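Going down the list, the protein sequences come from chains A and B. Residues 1 to 292 (this note's numbering) are what the first sequence spells out, left to right. Residues 1 to 140 (this note's numbering) are what the second sequence spells out, left to right.
What the hints contain is simulated information worked out from the structure, not anything from laboratory work. Treat the numbers as computed from the prediction; the structure is a model and nothing was measured. No residue lacks a Cβ here, since even glycine has one placed at the ideal position from N, Cα and C. One thing to keep in mind: the hints can contain errors.
Stretch-level coverage of chain A by chain B, calculated; a stretch enters the list once three of its residues show a Cβ under 8 Å from a Cβ in chain B [claimed, not checked]: (1) 10-24; (2) 105-111; (3) 159-172; (4) 225-235.
Straight-line alpha carbon distances no greater than 27 Å define the calculated DSS-like cross-link-like pairs of lysine-lysine that follow [to be verified]: (5) B:K108 / A:K93; (6) B:K5 / B:K22; (7) A:K12 / B:K24; (8) A:K207 / B:K13; (9) B:K13 / A:K212; (10) B:K125 / A:K241; (11) B:K24 / A:K93; (12) B:K13 / A:K241; (13) A:K2 / A:K114; (14) A:K98 / B:K24; (15) B:K121 / A:K12; (16) A:K218 / A:K207; (17) B:K13 / B:K108; (18) A:K289 / A:K16; (19) A:K207 / B:K117; (20) A:K207 / A:K16; (21) B:K117 / A:K98; (22) A:K98 / A:K12; (23) A:K211 / B:K125; (24) B:K125 / A:K16; (25) A:K289 / A:K241; (26) A:K98 / A:K2; (27) A:K289 / A:K219; (28) A:K137 / A:K147; (29) B:K121 / A:K211; (30) A:K207 / B:K121; (31) A:K218 / A:K137; (32) A:K72 / A:K16; (33) A:K16 / B:K121; (34) A:K98 / B:K108; (35) B:K5 / A:K241.
Spelled out from the first residue to the last, the chains are:
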Amino acid sequence: MKISYYPGCTVKTSAKNLENSALPLLGMFDIQTEELDDWYCCGVTFSQSADNLMYQLAPIRTLVKAKESGNKRLLTLCDMCYNTLKRSSLVVKNDPEKQQTIRDFMYLEKTEFKGDEIEIIHILSLLREIGAEEIKKRISRKVNNLKVAPYYGCMILRPREIAIDSAEDPRLMENILNTLGIETVDYPFRSDCCTSYQIVNEPEIVKAHTKKLVNSIKKRGGDIIVLSCPLCHFNIDEIQKQIAEEDESFETIPVLYFTQLLALLVGIDPNVNDFSLHYIDPRPVLERKGLL
Amino acid sequence: MPKNKKIVLSSAKVRSNEDLDKLKEISEENIFSCYQCGNCSAGCPAAEFMDEPPHKIIRLLQLGLIKEAMYANSSWICAACIYCTVECPRGVDIAKVMEALRQIALRKGVNHVNIDKLSEKILEKLPQIALISNFRKFTL
Numbered sequence: 001m002k003i004s005y006y007p008g009c010t011v012k013t014s015a016k017n018l019e020n021s022a023l024p025l026l027g028m029f030d031i032q033t034e035e036l037d038d039w040y041c042c043g044v045t046f047s048q049s050a051d052n053l054m055y056q057l058a059p060i061r062t063l064v065k066a067k068e069s070g071n072k073r074l075l076t077l078c079d080m081c082y083n084t085l086k087r088s089s090l091v092v093k094n095d096p097e098k099q100q101t102i103r104d105f106m107y108l109e110k111t112e113f114k115g116d117e118i119e120i121i122h123i124l125s126l127l128r129e130i131g132a133e134e135i136k137k138r139i140s141r142k143v144n145n146l147k148v149a150p151y152y153g154c155m156i157l158r159p160r161e162i163a164i165d166s167a168e169d170p171r172l173m174e175n176i177l178n179t180l181g182i183e184t185v186d187y188p189f190r191s192d193c194c195t196s197y198q199i200v201n202e203p204e205i206v207k208a209h210t211k212k213l214v215n216s217i218k219k220r221g222g223d224i225i226v227l228s229c230p231l232c233h234f235n236i237d238e239i240q241k242q243i244a245e246e247d248e249s250f251e252t253i254p255v256l257y258f259t260q261l262l263a264l265l266v267g268i269d270p271n272v273n274d275f276s277l278h279y280i281d282p283r284p285v286l287e288r289k290g291l292l
Numbered sequence: 001m002p003k004n005k006k007i008v009l010s011s012a013k014v015r016s017n018e019d020l021d022k023l024k025e026i027s028e029e030n031i032f033s034c035y036q037c038g039n040c041s042a043g044c045p046a047a048e049f050m051d052e053p054p055h056k057i058i059r060l061l062q063l064g065l066i067k068e069a070m071y072a073n074s075s076w077i078c079a080a081c082i083y084c085t086v087e088c089p090r091g092v093d094i095a096k097v098m099e100a101l102r103q104i105a106l107r108k109g110v111n112h113v114n115i116d117k118l119s120e121k122i123l124e125k126l127p128q129i130a131l132i133s134n135f136r137k138f139t140l
């Protein structure tokens, strides 16, 4: 199966290991990803101002490129990209007046976009579609008593019209991992926001949130956190290092992309994970648990 | 809002208020649907850092006290995670109201984050995803 692929900005830099683990993983299940020839940054956050449609243009232009690619589906690995692209497509689809305004502005561009031509699909949805049983057939590593804490964050769960799973009790990653025989940790902050862009000017908020999150997982015996969003990854990973420097009693927990864990389990070259991009080195835990 | 500050309530404040009209135009939300159950504030991951939690911001707006709502740091602490919107039993998209408050302030010409003043260390360390989203919400 061929599928168009939109990487977005961070997947090409500090989250390169997300791409490098996800694409070969999909390849194992006969999914060929075709990166769009020409794509733009989606803007990261969806613009909620009804009176200014300029911010919708970047995601819409990317969706136009996806339409021109001829594939019906567009894959995103990043939660923020998924949210922005999907919500922008819904603005065009559900609001004829706004669709017309945008079309009038883009009159020099040949391809029209009506909002429903492209199915935007997030990597986790695609893995659910492949099916845990299929993934299980490819498992080549035996894991020693690994306890995983899945973290969903907000952008793939909210608002409801774009949610890939229940906003209050998501089970997507748990269902896959449990089928693979891996124990998951149930803890209360799985679908809380990582506090997102506050990392730039209010890092104390991110710190407080991460402390609460990590302590809650540690208390329940979690060994690693898995997630899919590069912003959640940076926030939860990097700030832990700072917390640990300030407070010796704080126990850190490594943060991996869900696809990194699966790539290790199915025996894809561990180098794709480029652990130098991590602030909390996951290697000691992964070695202890038989994944490296 | 300072604890002992007196506020004046009047229907005129709600009826003729340019900023409140703008808020409605930007957010397309009816803030008067809110019946102050507080669900939004109960689950907001950043409420503890806000001067006024989300439901109180909506209450201030219902009373036409938009200056007081904008004086609070709340809309700048909001991380646009949409929790409040999903949980609102009255269907008020509170995240959109927070965005509108930010936009009204930004459109008056004052950026919340001054990009020039961010240290090089921060700019080098943070991934694009953090910087772009922050600048999108906090600058114009």
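Q: List, from low to high, the hint numbers that the structure doesn't satisfy.
A: Violated: hints 2, 5, 7, 8, 9, 12, 21, 22, 26, 31 and 35.
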